[in-house]
Amino acid sequence: MLLAFLSQSILHALVAAVFVEALLRAWKIEDGGWRLRFRLLALAVPALWLPVLLLVAPFRNHAIFVARWALFAGERWNQVRIAGTGLGDLALLLTAGVGSALFLRDALPPVLDLLRGPSHPPDAGPWDATAAVLRPIVREHATTLGIATPELRVVSTAMPVLLCEGARRPVLVVSPAVLERLKGDELDVAIAHELAHAEHRDPAWGYLMIAVRAILFFNPAVQWTARALVDDIERRADQVAVRLTANPGGLARVIALLFATGHPPPLDGDASFERVFWRVRKEGVERRCERLRQAPTLVPLNRGPALIAVAAFGILGLVFFVV
Amino acid sequence: MSSIPKALRSWLLLVAAFAAVLKATDRVPALLAGTPHGARIYASITEAEHAIGARIWAPSSYPDSLAWPPSRVDAWPGPPTSVAVHVSGRKDGRDRLVLVESIGAPADPPAALLDEVEVLMAMTVRVGRRNATLTRVVAPDGQVLHDLSWDEGSRRLTMRYAGPVEELLLMAASLERTHP
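Chains as they are written, first to last, in my numbering: chain L, 1 to 323; chain P, 1001 to 1180.
Hints may contain errors.
[Said to hold, decoys possible] In silico DSSO-like links for lysine-lysine, alpha-carbon gap of 30 Å or less:
no. : chain 1 : residue 1 : chain 2 : residue 2
1   : L       : LYS28     : L       : LYS183
2   : P       : LYS1006   : L       : LYS28
3   : P       : LYS1023   : L       : LYS28
4   : L       : LYS282    : L       : LYS183
[Said to hold, decoys possible] What follows is a list of derived Cβ distance ranges for each label pair:
no. : chain 1 : residue 1 : chain 2 : residue 2 : range
5   : P       : GLY1163   : L       : ALA26     : 55 to 65 Å
6   : P       : TRP1068   : L       : ILE82     : 35 to 45 Å
7   : P       : GLY1142   : L       : LEU54     : 40 to 50 Å
If you are wondering where the hints come from, they were derived from the structure by calculation, not from laboratory data.
Source: prediction; values computed, not measured.
For glycine and all other residues, C-beta sits at the position ideal for the given N, C-alpha and C.
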């Protein structure tokens, strides 16, 4: 039963993730908000739909269903034996290992930081002028977005820090170095981006993603979908910031600058997978900046709820026959 | 996104493509292992009996040319559930005997468990107290085989043997003696 759950969880998540990615491309959906909803649909398949299926349709695991109706049955791969072990079980073990490694790679560093001591740099003193400079910009954009002006917290560090945190009450965390590194228009669009996160309560979504990833830690497709979802959260915030400031080029410069400062290239002694991860992230940032520089006109998605329903029907129907 | 009909068309294409890819990938293990698609494969009679929850009947005596235990046991969910016990030759390791039995109701062997063959001739013979049909058949690879089929209570037993018909009848009689 446990093996069936693990195997179907990975297979369903994989089918859902690839199907959603194919739909996003086929339907040319660029709106970050709608992309996010499609990704959530893909994530709901292993997290919610599979437990429901196992409860209400246990006959799917019956031999007759597997033999006659299943589009794909993981257990059939155990007919191929390698050193006395079924290929299906070996593949399950391998993919679960990859999923766990992807999860631990993201989860371990913050946990270790937490264990080592306070994770945040200390707050800047009351004489620091950063908050006074930023507060009018924050207030202006918050008013335009129709949200309460979030609290500003200035931290004392040489690194440029600008982020939105707080699941219940969003707070903008900023360091004085941001003022030194960013020009006026860049600061404006960067603040707008962070306020977009505050508007949509994105830090809370971040915590939800961590919880889902932790529960399904063994599932590489879930880990991948969660990362794609975070990318779409950023895409939505980018689009809001561009709508508010009409400065996509400035935002691209800020993103590139903050990445270069916060993510130096791995040293020669670092493990090769660290270099791979860094390159993947760098390429992601480059794609994001390129998208902003091209600044395509954002086409609103017509009949979004209907398309989500159609997509859900397709995914749920497909995975019903994957056992 | 231009229109709903266009969106539905691409959705339909994607669903069909995914279903086709999944179905095709699902065929690969059977091709690699040389086993029937859809059947569950077990390494031993005991393992198969445990999985299907019923005893599998087998002859109690075999010619020396056959290796024991069976090389594999295939199960088809049915209904009715059918199993195929494969016994290899001692010398070449190739399948020499396949015993297919339907469990719960007499039924012909499913195509997944026993290859289709061309019938050359058929006659009625006695196996213990039962009438059985002995058929001379040609397999797709040109090999001439003998099928022996009879009903025993709620089971239909079919034995396909690549060897002398006398040996086939002796094996069938030993099975009939064990499970009268």
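Structure-based check of each hint:
Distance check on the hinted pair: LYS28/L and LYS183/L sit about 34 Å apart at the alpha-carbon level, beyond 30 Å; violated. For the given pair, LYS1006/P sits about 12 Å from LYS28/L by alpha-carbon distance, which is consistent with the 30 Å threshold. Taking the CA atoms of LYS1023/P and LYS28/L, the gap is near 27 Å; set against the 30 Å cutoff, the hint holds. Proximity of LYS282/L to LYS183/L is assessed by CA-CA distance (about 23 Å); at most 30 Å being required, the pair is judged to hold.
At roughly 58 Å, the beta carbons of GLY1163/P and ALA26/L sit within the given window of 55 to 65 Å. The hint said 35 to 45 Å for the Cβ distance between TRP1068/P and ILE82/L, and at roughly 26 Å that hint is violated. Between GLY1142/P and LEU54/L the beta carbon distance is about 48 Å. The supplied range of 40 to 50 Å therefore holds.
Hints 1, 6 from the earlier list are contradicted by this structure; the remaining hints agree with it.
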